[in-house]
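Once you've looked at the hints, dock chain B against the given chain A.
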Amino acid sequence: MIKTNDLILRTTTTLIAFILFGFSVYLFFAGHNKPGGGFIGGLMTSAAIVLMYMAYGMESVAKIIPINFRVVIPIGLLIAVGTGVGSFIFGQPFLSQTFAYFQLPILGKTELATALLFDLGVYLTVIGVTMTIILTIAQDRKDETA
Amino acid sequence: MLFAVLLPFLASIFIPFLAKWKDRIHTGIFVTLVPLVIFIYFIQFLGTGFQPETRSYSWIPSLDMNMNFYLDGLSLLFVLLISGIGTLVAFYSIYYLHKSEQLGNFYVYFLIFMGSMLGVVLSDNVFVLYSFWEFTSLSSFLLIGYWNHRRGSRYGALKSMLITVFGGLSMLGALVFMSVITNTASIQQMITEKSIILNHEFFPLIMGLLLLGAFTKSAQFPFHIWLPDAMEAPTPVSAYLHSATMVKAGIYLVARNIPIFADSEWFFVIVSGFGIITLMWASYMAVRQTDLKGILAFSTISQLGMIMAMLGFGTKVAIFAAVFHILNHATFKGSLFMVAGIVDHETGSRDIRKLGGLMTFMPITATLAILATFSMAGFPLPFLNGFYSKEMFFDATLDLESTSNALAGFMQQALPYLAVFGSIFTFVYSMYFFFGTFRGKAQISELPKKPHEAPIGMLISPAVLVAGVIIIGLFPELINKPFISHAAASIYGGEIDKHIYFWHGINLPLIMSIAVLAFGTILVLTRTKWEAIYRFIPGPLSMNKVYDGSVKRAETYSERITKTYMNGSLGRYFRLILGAILIITFGFMAATTGFEFNMAYSAEITLAEILVAIMMAVAAVGTILAKNRVAAIIILGVVGYGLAILFVIYRAPDLALTQLIVETVTVALFLMVFNHLPQLKMRKQAWSTKALNLIISIGFGALMTLVAISAHSSKWFDSISSYFVENSYKLGGGDNIVNVILVDMRGLDTLFEIAVLGIAALGIYGMVKLRSNKEEDA
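As given, the protein sequences belong to chains A and B, one line each in that order. Residue 93 in my numbering is what sits at position 93 of the first sequence, and the numbering runs on without skipping anything. Residue 340 in my numbering is what sits at position 340 of the second sequence, and the numbering runs on without skipping anything.
What the hints contain is simulated information worked out from the structure, not anything from laboratory work. Hints are all accurate, no fakes.
When the alpha-carbon atoms are kept at most 27 angstroms apart in a straight line, the in silico DSSO-like pairs for lysine-lysine are as follows:
(1) B:Lys730 <-> A:Lys109
(2) B:Lys769 <-> A:Lys63
(3) B:Lys552 <-> B:Lys563
(4) B:Lys99 <-> B:Lys22
(5) B:Lys316 <-> B:Lys498
(6) B:Lys730 <-> A:Lys34
(7) B:Lys450 <-> B:Lys354
(8) B:Lys449 <-> B:Lys99
(9) A:Lys109 <-> A:Lys34
Facing chain A, from chain B, some residues (calculated, C-beta under 10 angstroms):
(10) Leu731
(11) Gly732
(12) Gly734
The model shown is predicted, which means the values in this text are computed figures rather than measured ones. Built from N, CA and C at the ideal position, the CB exists for glycine as well.
Just chain A, same shape as in the assembly (with noise of 0.2 angstroms):
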């Protein structure tokens, strides 16, 4: 593949990337209240490693984010039917969820529910299963054309 001069692209990428990944963890915790959710979240989040991907290669990127993505799949159900499996442990049904408020020290009154931890295992998966596919076949064609 002939390395065309793309400055541009990469210095942009540095920037738009933090403000995709910021979007999408956005996405993620406001999606109880507002659109959003953990769906969107992990498409979003993919979006951002895609584009660095593009912009600076599989082996630079591969070293920044030392992840390998099939491994975040069984995370991300594994969380999953945790949040699910965890409410045997207090005596109910299988995802049954629940909500409380607390006082934490920086942001003060905040929800916290354990749907969000299912989200969480919904937004990992939805990562490893975007990457894992665009990867694979990328690579598949980077096979081929070497």
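Same frame as chain A, but now just chain B:
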């Protein structure tokens, strides 16, 4: 009694272990003991004061399927035949089968067969009877195909299996019918309630199915064709299964059900009609055979036809004669098969054209053969049992109860002549069998082995059977009162007081016998002159051709049908599936007037919606017409984004967000994947296929639209969404109702959806990464 039935099954479990020592002790020695024990156990029931006995053992009481055994005269006759001839055959097989054969297999099949045959004749419960019945078909299949490296064995085994299982299933139908309408599974109770069966509207069906089972098992015309091919089995098997026991299972079934069915006049017409046709056809065909066992096979068919005919008569003398002939046939036919086996074993050939003049080489075998064949022919000598039963057969044909049925009346007139005709040919093939094998010019050079007398052990079993022929012939009264009359009585349903004499005085049956003798002798002496007749009858016509043709046709037709609708084209499958849905749904909805149009629930349509809808419609049509694949994908994306806009308009922000991103990702993935594919080529399709596709797709779209409109037009229940609106914050702690439903109220769905995503990702990974191995191989 249970023990007697289960003993062979139990023994068969141990045979494989015993068969390991076969180099030192022939496995047959152990096996011989099993029927011997059973025979000794049952022989003590013999006697003039015999009373039927019942034994019940629970099996599946809730379904009325119990191991109920009933031992009456008829069962006892069969049990003694099975165990007695079983002993002799097992003993004979010790000398017939070499130790290098797979003796374990042989004796396991043999014992399973024996046990199931005992089960058939002892069972009172129809379901147990049927179970054992199928076991006999199965073990007989295994035994016929014993030398499975031979093509003929496999063909014969398959043929017998198809025909007998066909009949067995018909019989099951009849038994279930009878059991349901009489509300009992016991044959004895059915007999007491026979009026229910006789007056039932399905009575013809019941009798037809039952007789179909009996006729196929007992090789009656036109189902006789499996028996000659079953001669590929080892000779002990032919002697046991195909002369003495299994082929008589159908006879037993008919005899057992005579008390129920005999009142119907069609019973006489069908059973006797088929019996007499079988008798004539098979005895006529037997003369044509060149294989010793082929002659005996057709002879067996013909004798079974004779017994069947007599059972159909239903008169006292006929039933007595039938029972007597069952016993006689078992003795002389069993010994003849063993003689054929000896000839085969000692000369290496069963072809009667190569054999001849063996009398000097095998004097003992020849003596046994002459006694058995003359008994089979019904030769009037006072020490041959075949004569007695044949004479009674003639007597029975002349002594039929008068009937009002025209067909039955005609049959009664014709029967004596037909019986004589069949007997003439019986005489001819009996003489042909004996003289063709043992007399005439010896052709030693033609034979694979130099003929010599068989070892003494091989001769014992046929000798015992021939001794039976002579003892019954000399002292027929010996077995009459304590044995035969019980069996006949249990069929007839009343005492039968009949005496067996050799000399009746000069009467019509004797004259018929003499006529058989005279015509038979003429035909035997002139056999070479009239043999050409077989070129015209049956000539090219044969039931085997019908069987082969129907098997082949069933295969080709089913193949053709499968190939017509399963041609591997996905397009065709889609057309079939969608077409079926179209026809069924449209038909159902039209018939039940399920389509409903009601504008009451419709909302206002805004300009934005109309514009987006037009855009999406144009894009959808564009996708179909696009010649380039990438273009098609991108235009399809327009539809997806249009949908996202619609979500926005309908105030579904979460859906709109997700739809936007997912649409982008799918388009990107499509582009990535399609980059690998070759250029889209215009496929040449017949315009009729195209038109059909168009009709089906438009029809399906119209159907779905109509269904959607109808569903919307009729609101039968209130929506449950108000519950979510009210409780989203109270119970889930969130304002975003969609999200609360997804993660809290219906979290399980989400859990499995992300599981689906995970599986899809791993699937893609697996497909892409593991693909390379196969390509390297190629």
